[in-house]
Amino acid sequence: MFALRDLQGAFANHIRGEDQSRLEAAVVGDAIPAAARLRVYRHHVEQSLAAALAATFPTVQAVVGEEFFRAMARRYVVEHLPRQPVLTEYGAGFPEFIAGYEPAASLPYLADVARLDWALNLAFHSPVGVRLTAADLSSLPAEGIAGLSLTLAPGGAVFHSDYPIDRIWQISQPGTAGETIDLDAGGVNLLILRREDDAAFVGISDAEMAFLSAVQQGSTLESAAQAGFQVDGAFNPSTTFGRLLALQAFAALQHGVAKSASKAP
Amino acid sequence: MRTVAGIGLRAPHLAEIARDRPATGFLEIHAENYLAGSPALQAVERLRGDYEFSLHAVGLSLGSVEGLDEAHLARVAALAERLEPVLVSDHLSWSVSGGHYFNDLLPLPYTEEALEVVVRNIQRLQDRLKRQVLVENPSCYLGFKHSTLSEPTFLGELVRRSGCGLLLDVNNIAVTAHNLRLDPLAWLADLPAAAIGEYHLAGHAVNDADGEPILIDDHGSRVSEGVWSLFDSVLQRYGPRPTLVEWDTDVPALTILLDEAVRADRALKAWTGTDVRAA
Amino acid sequence: MNTTRIAIATALAAALALPATVQAQGNMEKCYGVAKAGKNDCQTAKSSCAGTSKTDHQNDAWISVPKGTCDKIVGGKLTAG
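Chains as they are written, first to last, in the working numbering: chain L, 1 to 265; chain B, 1 to 279; chain Y, 1 to 81.
Isolated chain L, as found in the complex (with noise of 0.2 Å):
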């Protein structure tokens, strides 16, 4: 009696790419094999987890062609099945591979390009929310805006990468006439951004960088104003909050926190 439990166990393994002898005793064959039946669903779940992970890093397959990302994400895949169904929340882990993954060592820029498109993805799949506006400050003295801890956006993100990973994100998109890119170029900031009916990145500069840093990390903007200088004495935190409040950046405050914020000395 083969019981439900070990069929399933052993036709987990087999999809690992273990051999599975006691299940291919267990399956029918005839002019077709048991053993090239098990495949179908073998190659299947590779497959299809690979197609899915090339959804979600349409960026990173452009940059190494179709059959190169195919071989990577199957490797991937056989290593970290998903722990649930819903495909989109699946290849976290992906970026961190990919840094690790010798045949990419050539492409060191190729982590980074992974962790862009999986922004983009957890930005896509955001909720939009209610989002801050110049007009729901506008009752608000200028020390009570100074005052005020913002939070990103549901979705919104940022990072730096020492690659120029927008221009190479640029030179990927489907269409894109050819145009060569030195590394040696610098890295860039990046700001991503869920929006109404898409997920969009934007270039920030270092002390914008410094700013929403500190935002992230519940500074006030005052504070983050004081971190953007840091960086940059020529900062202005006019232009910054004005683009960024433009940007919808910002989540809507909570209801409350204007009225105390008006108070702050």
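For the record, the hints were derived by calculation from the structure and aren't laboratory data.
Be a bit skeptical, because a hint or two may be false.
To be verified - If you only want the chain L side, here are some residues facing chain Y, beta carbon under 8 Å, derived:
1. Ala52
2. Leu120
3. Ile145
4. Ala146
5. Trp169
6. Thr180
7. Leu221
8. Glu222
9. Ala225
10. Pro237
11. Leu245
Claimed, not checked - Simulated DEER-style distance windows between Cβ atoms:
12. Glu102(L) with Gly98(B): 23 to 33 Å
13. Arg160(B) with Ala25(L): 28 to 38 Å
14. Lys72(Y) with Gly49(B): 40 to 50 Å
15. Gly175(L) with Leu185(B): 44 to 54 Å
16. Asp206(L) with Asp50(B): 42 to 52 Å
17. Leu47(B) with Gly175(L): 27 to 37 Å
18. Ala99(L) with Asp183(B): 49 to 59 Å
19. Arg48(B) with Ser139(L): 36 to 46 Å
Each residue gets a CB set at the ideal place from its N, CA and C atoms; glycine is no exception.
Dock chains B and Y against the given chain L, drawing on the hints supplied.
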């Protein structure tokens, strides 16, 4: 729900459907595509005024011996509450073992032990959703030597013991029958008619397995003539039901998919009045 | 408030009144739309290449060479020289 044909709603068609609101019986979505929240979910919600929806889950793993994943179940239940679908379904298969998710509809041995497992899982699902669910016959590429029940007998027992309904996938019947050397008409002969709540139609591919043809359920082409003919037999035997055309691989222009649904509609109309549910 | 604090507070408040042209969004890259494929569709869509070939998947990672837009990316610490 009207016994007309609808289409599986796929992302490449979403903008066009939102703009043109083409006439079709209903729209079916894969639950797991809409659990993470995205602009696509908002777009689907905006269609609810014009279309009825059915919710087709692909990852509940009704055949898992370790039981349902409660966290996943809760997300599916929340989506069902939000969309208020007319029908909810998943498959007679399993995809979870040891907490790992294998993205496939893996086959079950048709034994008393498996029957008890699937009945328990369906009961849990129906309790959680507070409604009947439909269970779909899968495409099979293998059978187990220790199976003691036929697939249709197994499905009939599921209905009797759990109160679930059935989603008959006509293409899957054809694929399974070919691959496991069964007679599709015999497969069809003795299902609990009143439990059948939906039909699925889709295309399949023919692959080579060590020199032998094997049918693969790839949902990547028009419904084959053989499956249309089998659909006629299904309608003759059980009468019309809400019918869905699915297309997932190499998704075609929307008009082609709608065209397939029109053909399904013609077949359904030819058998209207022979609905055995009324008998 | 000291003068720096007042200057920052005034500058932040001034942002609320900036005209839209000053708030220009820069090079915003639109990345995804609702046409983004539903990844769970491939659950039931058994790719027709999900056949039965005996390809050894353990090895192909090591014989495959990246061939994409990486051809257009030059320089960098590891690849220079």
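We went through each hint and held it up to the structure:
About 4 Å separates the beta-carbon of Ala52(L) from the nearest beta-carbon of chain Y, less than 8 Å, and the hint is met. A cut of 8 Å between beta carbons decides the hint on Leu120(L): the least distance to chain Y is about 5 Å, and the hint holds. Taking 8 Å as the C-beta contact cut-off toward chain Y, the hint placing Ile145(L) at the interface holds, the least distance being around 5 Å. Nearest Cβ of chain Y to the Cβ of Ala146(L): about 4 Å, under the 8 Å cut. The hint holds.
Hint status for Trp169(L): holds, given a least beta-carbon distance of 7 Å to chain Y, under 8 Å. Nearest Cβ of chain Y to the Cβ of Thr180(L): about 5 Å, under the 8 Å cut. The hint holds. Evaluation of the Leu221(L) hint against chain Y yields a held restraint, the C-beta minimum of about 6 Å falling below 8 Å. Checking Glu222(L) against chain Y by beta carbon gives a least distance of about 5 Å; that is within 8 Å, so the hint holds.
Satisfaction of the interface hint for Ala225(L) is found here, the shortest Cβ-Cβ separation to chain Y being roughly 5 Å, below the 8 Å cut-off. Checking Pro237(L) against chain Y by beta carbon gives a least distance of about 4 Å; that is within 8 Å, so the hint holds. Nearest Cβ of chain Y to the Cβ of Leu245(L): about 6 Å, under the 8 Å cut. The hint holds. Look at Glu102(L) against Gly98(B): about 28 Å separates their beta carbons, and that is inside 23 to 33 Å.
Taking 28 to 38 Å as the suggested C-beta distance range, the pair Arg160(B) and Ala25(L) conforms, at roughly 32 Å. Our hint of 40 to 50 Å for Lys72(Y) and Gly49(B) holds, since their Cβ atoms are close to 47 Å apart. Evaluation of the 44 to 54 Å hint for Gly175(L) and Leu185(B) yields a pass: the beta carbon distance comes to about 50 Å. The supplied range of 42 to 52 Å is met by Asp206(L) and Asp50(B), whose beta-carbon atoms lie about 50 Å from each other.
In this structure the hint that Leu47(B) and Gly175(L) lie 27 to 37 Å apart at CB holds, the actual value being about 30 Å. For the hinted restraint 49 to 59 Å between Ala99(L) and Asp183(B), the CB-CB distance of approximately 55 Å keeps it satisfied. Between Arg48(B) and Ser139(L) the Cβ separation comes to about 37 Å, which falls inside the hinted range of 36 to 46 Å.
The structure shown violates none of the earlier numbered hints.
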